[in-house]
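For reference, the chains in residue letters:
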Amino acid sequence: MIKIENLTKKFAQNISLDSVSCEFKKNDYIALMGANGAGKTTLIRSILGYYHPDEGQVLIDGRDPIKERIEVLKNISFVPQLPPPIKLSIGELMDYVVTSSGVDKELIKHYSNEMKLDINANMNKSFFKLSGGMKQKLLISISLAKKSGIIIYDEPTANLDPKARDDFYRLLKQNEEDKVLLFVTHRLEEVEELVNRQIYMDLGKVVSDERV
Amino acid sequence: MKNLYLIAYLDLKESMRAKWFLVYSLVFGGLIALFFIAGVTESQVMGFSGLSRLLLMYIQITIVILPIFILITTVRSISGDRDNHILEYMLSFPISLKQYYWGKIIGRFVTVYMPVFFAMVIAIVYGASIGASIPWGIFFLYTGLLFSLSSAFLGIAFFISSFVKSSEVALGVAFFVWIFLLAFIDIALISLMMQQRFNEELIIMIALANPMEIFRVAAISLFDPELTVMGPVAFYILDSMSQMTFVMLSIGYPLALGLVFAYGGFSIFKKKDLV
Chain A
1 MIKIENLTKK FAQNISLDSV SCEFKKNDYI ALMGANGAGK TTLIRSILGY
51 YHPDEGQVLI DGRDPIKERI EVLKNISFVP QLPPPIKLSI GELMDYVVTS
101 SGVDKELIKH YSNEMKLDIN ANMNKSFFKL SGGMKQKLLI SISLAKKSGI
151 IIYDEPTANL DPKARDDFYR LLKQNEEDKV LLFVTHRLEE VEELVNRQIY
201 MDLGKVVSDE RV
Chain B
1001 MKNLYLIAYL DLKESMRAKW FLVYSLVFGG LIALFFIAGV TESQVMGFSG
1051 LSRLLLMYIQ ITIVILPIFI LITTVRSISG DRDNHILEYM LSFPISLKQY
1101 YWGKIIGRFV TVYMPVFFAM VIAIVYGASI GASIPWGIFF LYTGLLFSLS
1151 SAFLGIAFFI SSFVKSSEVA LGVAFFVWIF LLAFIDIALI SLMMQQRFNE
1201 ELIIMIALAN PMEIFRVAAI SLFDPELTVM GPVAFYILDS MSQMTFVMLS
1251 IGYPLALGLV FAYGGFSIFK KKDLV
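Read top to bottom, the protein sequences are chains A and B.
First residue of the first sequence: 1, per the numbering used here; consecutive thereafter.
First residue of the second sequence: 1001, per the numbering used here; consecutive thereafter.
Any given hint could turn out to be false.
[To be verified] Computed Cβ-Cβ distance ranges for the label pairs, DEER-style: (1) A:Leu82 to B:Ile1130: 53 to 59 Å; (2) B:Val1229 to A:Leu82: 53 to 59 Å; (3) B:Leu1026 to A:Glu55: 49 to 55 Å; (4) B:Val1064 to A:Leu171: 54 to 60 Å; (5) B:Val1064 to A:Phe11: 36 to 42 Å; (6) A:Asn36 to B:Leu1202: 54 to 60 Å; (7) B:Met1194 to A:Phe128: 52 to 58 Å; (8) B:Ile1190 to A:Asn36: 54 to 60 Å; (9) B:Gly1030 to A:His52: 42 to 48 Å; (10) B:Ser1133 to A:Leu82: 57 to 63 Å; (11) B:Glu1168 to A:Pro162: 37 to 43 Å; (12) A:Lys163 to B:Met1016: 33 to 39 Å.
These are computed hints drawn from the structure, not numbers from a lab.
Note that the Cβ used here is the ideal one computed from N, Cα and C, for glycine as well.
Can you make the complete structure from the sequences, with help from the hints?
Right under this line is the structure:
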């Protein structure tokens, strides 16, 4: 589903990705690890089509994520490490997701309930005024409701309490079939049971890629 | 198209909740209220009285504050979203960059134009209620002029926002653009004129290429069609075109300038790294 070939991305003199090649197929559940500055976020952003590569290419189901961003992003769910300070209310954010991605609103509410987030009581509240955990729960609910073939999580459990983490892992287990799950994480033990592949990056290169 | 309207609608709603919008609306609404309270409509200066006098004062103040308001509130639109990772999340959904960018522009245009326009409508409605005669010609001209001036500065602001990485730098650039167009360019041109280094017509053309300057002259032209208050400069303008042509140019040119800058901003936005 995701094919990365000799991908190089530089920022001024700094090489963030150095000729990275790898492939992620259906039912690959990957933990992407590495020290800060290893190139994990740059790799994810390249998959999402945010960066123009200096060399090489990324193909998602054979499509270029920059030139065919709409088709590519229809099949990708993404949750960032820190929820951004979006000024929209929860209702408006849901409208944005529903209209742009054709997601079923009831499904977002369903996953929110599963994550113990009372969405109806907070519908008119600004997203940025929610607590860190509530924001993360909503973004996770949206990512699951989108029913994408590729789900990318950048440290998704950073703001979640242990109970919410358990809910999150349970829901993921129920929804992982025939998908690519890509976790960026510093704590392998948290996703160890979910992943079947571990990739380590350092200085912009993939230094280890193991199936477990 | 539904995504374009969605972005515009959400940006409009978000802006209307922001504190800057409240201040912005209060400034323009407050100006009109202040003019009525101060009895501007009762005064007579250079033959202008009533609502005409009020609108003249309103437009003179607007020319100074509207561009800077538009620049500082809009210039952080994309660069601010990029700064605080909103862009990273919002663009992870299947929305084209064209829909996102132009949707933001439409939403922001309505936000900045609405209070300025409604302040004039309030003046007309209140003026009519106290029995003043309504200067419709001036009202429609100013509506058009403010529309095109708003477009020009909105386009410039989005252009800056598309290439500047940090919102602080964007604010600095916006402030420089405003002060340059408001004062520096005039000072430089006056000094060139005094030194007689360039042909006067060329200097006047450069001055009128400034959207703030052409707005100012067009605003005067409706009260003073011969532009007598401008002295000999009026000959250069009115010898080369009629007053009506000049007014059309003063509406069309800033509008076109805004579109060119906005399109330039979009070209940069789609070619550069998004976050």
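Hint check results:
1. A:Leu82 to B:Ile1130: 53 to 59 Å: Once the Cβ atoms are compared, 55 Å apart, the range 53 to 59 Å for Ile1130 of chain B and Leu82 of chain A holds.
2. B:Val1229 to A:Leu82: 53 to 59 Å: 57 Å, holds
3. B:Leu1026 to A:Glu55: 49 to 55 Å: 53 Å, holds
4. B:Val1064 to A:Leu171: 54 to 60 Å: 56 Å, holds
5. B:Val1064 to A:Phe11: 36 to 42 Å: 40 Å, holds
6. A:Asn36 to B:Leu1202: 54 to 60 Å: For Asn36 of chain A and Leu1202 of chain B the Cβ distance comes to about 57 Å; the hint holds.
7. B:Met1194 to A:Phe128: 52 to 58 Å: The hint (52 to 58 Å, Cβ to Cβ) holds, given that Met1194 of chain B and Phe128 of chain A are roughly 54 Å apart.
8. B:Ile1190 to A:Asn36: 54 to 60 Å: 55 Å, holds
9. B:Gly1030 to A:His52: 42 to 48 Å: 47 Å, holds
10. B:Ser1133 to A:Leu82: 57 to 63 Å: 59 Å, holds
11. B:Glu1168 to A:Pro162: 37 to 43 Å: Distance hint for Glu1168 of chain B, Pro162 of chain A holds at roughly 39 Å.
12. A:Lys163 to B:Met1016: 33 to 39 Å: 38 Å Cβ-Cβ, so the 33 to 39 Å window holds.
Violated hints: none; the structure is consistent with every hint.
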